[in-house]
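The whole structure should be built from the sequences, with the hints applied where relevant.
In my numbering, the protein residues as written are 4 to 927.
A portion of the hints provided could be inaccurate.
[Said to hold, decoys possible] Here are the in silico distance ranges between beta carbons for each label pair:
#1 Val-26 with Glu-191: 25 to 35 Å
#2 Leu-838 with Gly-405: 44 to 54 Å
#3 Glu-840 with Asp-781: 55 to 65 Å
#4 Asp-592 with Ala-618: 23 to 33 Å
#5 Gly-847 with Ser-431: 47 to 57 Å
If you are wondering where the hints come from, they were derived from the structure by calculation, not from laboratory data. Built from N, CA and C at the ideal position, the CB exists for glycine as well.
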Amino acid sequence: MNTPSHKPGSPLGLHRVLAPEGVLPQAALRLDPDPRLRDDELRIDVEYLNLDAASYRQLHEEHGGDGDAVREAVRAIVRERGKMHNPVTGSGGMLIGTVAEAGPETPLGLKAGERVATLVSLTLTPLELTDGLRDWDGLGERVPARGHAILFGRSVAAVLPADLPDELSLAVLDVCGAPALTGRTVAEYAARTGRAPSVAVLGAAGKSGSLALAAARRAGAGRLVGVVPNAAEATALADSGLAGTVLSADARDAVALSDGLAAHGGPVDITVVCTDVPGCEHAAVLATEDGGTVVFFSMATSFPAAALGAEGLRADVTMLIGNGYQPGHAEQALDLVRTEPGVRALFDRRITPPARPEASPVPTHAPVTDRATSTPTKDSSAVVLDSGHTPRATTAPAGKLGLDPRLVRRARELAARAGGAVVDMARSHTTVAVERAALRLAGLSGADAEGIPWANRLVDAVRDQVGLEHGVALPVWHALRTGSCRDLTELASRATARDVSFRLPEGAAADRAVADARRAMAGGIAVIDGRRRERDRLIGRWGEPTGPLIYLIVATGDIHEDVRQAVAAARGGADVIAVIRSTGQSLLDYVPHGATREGYAGTYATQENFRLMRAALDKVSAELGRYIRLTNYASGLCMPEIAVLAGLERLDMMLNDSMYGILFRDINPVRTFVDQRFSRQLHARAGIVINTGEDNYLTTADAMDAAHTVTASQLLNEYFGKEAGLTDAQLGLGHAFEIDPELPDSFRMELAHALLARELFPDAPLKWMPPTRHMTGDIFRGYLLNGFFNLAGALTRQNILLVGMMTEAVVTPFLSDRDLALQNVRYVMDAAGSLEEDFRPAPGGAITRRAEVVLHEALDLLERIGEHGLLDAIAAGTFGGMRRPVDGGRGRDGVAERAPGYRNPAVELLEKPQDSDREGEDQR
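This is the structure in structure tokens:
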């Protein structure tokens, strides 16, 4: 045991600063964590570090989700800096521990043996670790640790309450400055003006935001508005009853947020910013009445942007910096979580189960929910939407199967290991389709007299002359700059006539070519961004359906007939119209041009067909007062190009599975994985929800025997999707009701499979597919099977429900068949109501046992895939029983390995880090 040194120390901790001299501990590059105390210091034996969300997320992403690498990074930071101070985010977190020793003059009032939480940032707390973080897997923000930390005379710490779990206490104390400052600001405003101020909280469903709302109400606020980034947050906040109005909006979009507030009472007197999303300053100022106050409780705030923005807006507002400390702040925050059920519910939601760092979609303007009281909504199946306006389960089952979280975490680790090599391969190759997609982003469209798209003609000409290893941007834009062609279309025409010589520029000429290409391709991406914002505005104007999205297929081959059937289906209750592609289009290495009327068993996917259907659905959406979504297929040999066209024409969902084309269309695996990564990057940017194709496995393999392959594929699709930038809300992971109904307990097994998917992917909009394999032609039996399918969807909260047809395997459905099928869906959903709340499988019963078996089998499969490689697993027929060797299949000749000088500005723009809008907290 060390004894106090009885040397006086600086209460600011200046004596602990090793470098540079003259700065406070927070700004220091390195602190001295020597355990010997000064008179006013206190030493804590560390039990847990709690890394702040921004810091952990940055480390997790930098190291590709590798827990060992994250652990080593944290160890290195602490070892080199003598504190946990992330050099990228500038933040750290806080800790829990036991007071080991207190100097004789410490003013903190703490005694040896007391368990405490520090209320100052780890970025200014001297820290030494002694255990190498051996008990931490690197896969969560809470870090078991052994070592010691030093608190100065001006530090702040609180004794952990005995009546609350440690993890909850830590979460509350982490942000306890927000409610104290909010409550004080509200009280001072009321005393000054004699009226109850209106208050808006940005990031209102998070830790700091929920406490700020509760504190504002307790201090006497009037109108309370909670602003959240996505559907799940909106539902959780509405159910808490903390806000009178819940608005889902992008806190960085000043105009959209202002418009949303205008529709619900106008600007507020006090705005509290509790998100860590950069760029919220102008929105916060614009949301606030002249004479009002903006409280920035966010480390992401740019104070020059706030001050200059207010000046430019002629906004007479007071701006306060939330510094994380107010007298009595810890006690006030703990009291709120004890006495406000809505606050406690939101905290419990965040810490059980432990949250993983995940990108969230960038929400813009989505529906609001008005609440006059804290009474929960009667319709617990209501769907609210986020940035891609994806339906999310409003009361998703939480732990009904009792899955071991360690197994779930391990499953994701194995999926990342299996998929990592494939991603590396995709990053090092390009394809003719990727290069054509880049040209389409740059504005090249149309086709020659033979119907061959100009994009194909131009890429083929470049490939013939200089190859694709360096991409088409360098030779194409160099030719435009040095030649006489006015635009890409003319260049493609002359290249087709062999009237252009391409070469690879070097030096300054290459830089100019890339800059020109970047400007052109950025223009296309800007159009996609605008279409995404347009979707958001229309959803805000027309509203949303309640319950799961009802997904219905049209497939006549004639786009004009498709339009008529789609409009009729929307009027009959469909929420999503999926236009099936013509048989065989996935094997065409070009995208047909113009409107088409001759498809077989489906309609060609073309830009003009997309435009016609989108316009028709917008018209009927306005008539019905709800936004009707449009779905098509980004798969096959032209996957990236179709993804571009979908973004340009505002499609909402796209069928886009990582392995479907390999397994069921015999497209080369390398070609597929390169194309699918680029297409998913485009979908992520466009706010499009992908639908994956695991349901197809069960049409060629037994649904019981192959259930684990579905789960493994879902985990792989999740990994590939998130690596490409998609969020949970954009992952429409597929699964299906395909167990043989003659099997005893078949319905219970279906529930096990469906509930397993729901609990593995609680924030993903699962796509639930109806029975096909065991439809016999008996339409009465088929109608009953579809009723059971709909009931399973209701009991397990599936989000996207494809309408099952009783004439499946008999005839292409008539309109009357669709009407009956929609009636089946409506009856089951209305009759079931909130039955999901009462559905809880018996612990250890048949449903939970079956789910455990499938999960363990999926883990075993992912282990084997990780050992041998995903491409070898595909070649061995692991998925759907289809054997597809890596060097076989269609389209292999369209793949090129990238050379060292490869440039594709479209790829570079899409891979540029985007600001996350995940609900942020006070960064410490």
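Against the structure, the hints:
no. : hint                             : result
1   : Val-26 with Glu-191: 25 to 35 Å  : 33 Å, holds
2   : Leu-838 with Gly-405: 44 to 54 Å : 20 Å, violated
3   : Glu-840 with Asp-781: 55 to 65 Å : 34 Å, violated
4   : Asp-592 with Ala-618: 23 to 33 Å : 29 Å, holds
5   : Gly-847 with Ser-431: 47 to 57 Å : 48 Å, holds
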